[in-house]
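**Q** Listed here are the chains, written in short residue letters.
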Amino acid sequence: MKILKHTSNFLLVIFLLSLFSIGYSNENKLNDYFKTIRCLVCEGQSIHESDTEFAINLKEQIKIKTNSGMSIKEINQELVEIYGEQISFNPSKNHFLLWVMPLILVLVIFIFIRNKLKFFYKK
Amino acid sequence: MKKNLFLPFIGLFILAICAFYYFNQAPSQKLEAKQVPAVLFESKDFYMNELIDTQNLGDFYIINFFASWCKPCLAEHPLLMELQSKGIKIIGVNFRDDEDNFIDWIEENGNPFEYIIRDDGSIAYEMGLIGVPETYFINNKIIQKKIQGPLFYEDIETYL
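In order, the protein sequences belong to chains A and B.
The numbering of the first sequence is this note's numbering, which starts it at 1 and goes up by one.
The numbering of the second sequence is this note's numbering, which starts it at 1001 and goes up by one.
Derived from the structure by calculation, the hints contain no laboratory data.
Heads up, some of the hints might be wrong.
[Stated by the list, open to error] Which residues of chain A face chain B? A few of them, derived with a C-beta cut under 7 Å, are: (1) 60; (2) 82; (3) 108; (4) 109; (5) 112; (6) 113.
The C-beta atom is built at its ideal place from N, Cα and C for all residues, glycine as well.
Please work from the sequences and hints to get the whole structure.
**A** Encoded structure:
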């Protein structure tokens, strides 16, 4: 009988610990997500670090939405729809031109200099 | 030498691609042309405890976010009073404020609002508010213009 009592206590502790760890990991996940959202009042900071009313409200609203069953991906989509891509430190869209433009410019400058040098050496 | 003549054209071509890309952005990125979120019309007016009557509002109206703790809101308040005196309807959204402070603030400074809605932050989130004060000019339920920060006379003179 004693063994049964100890076992049930042990299982209860394990159950409570697992509940706590689930809560803790969810909280951690949310905090990690907050670090990817830009505070639009103080743009260098994420809402995780910022204490502005905007950041506090956004954190609250995101928590409410996750508690109501929305996934972080869905919330992120909604945030981008409302505030634009600037809200995220990890823009989702493929900014092909943004990445390729410096390469194109370097190539153009390289061709220009090469042609100039050719002209100079021919002289 | 002939090759060098092409370089400006290459530059222009690249610029044209950029311009095309910029002007063909998805409508979701053009934040001002979006609809007023439904959550605003599902909220009740603080004093009358009734939903906003959209027919009474008409096509053109203003939504102003304010709070009693916000000093710039006080600075723009006389302009809102002037707008109201010219018959322009304003929905005031009281953002994350203490109820007593808000009531005192309205009593002290006057009420330029047709409807006042107290917001815990959910309306602000849906509207894309960044900070108070913030004013939205609405026409046919579409946000035509958004002004962050206090209103100045130049912002509203066309409506007076």
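**Q** Can you give the numbers of the hints that this structure goes against, from lowest to highest?
**A** 4 and 6
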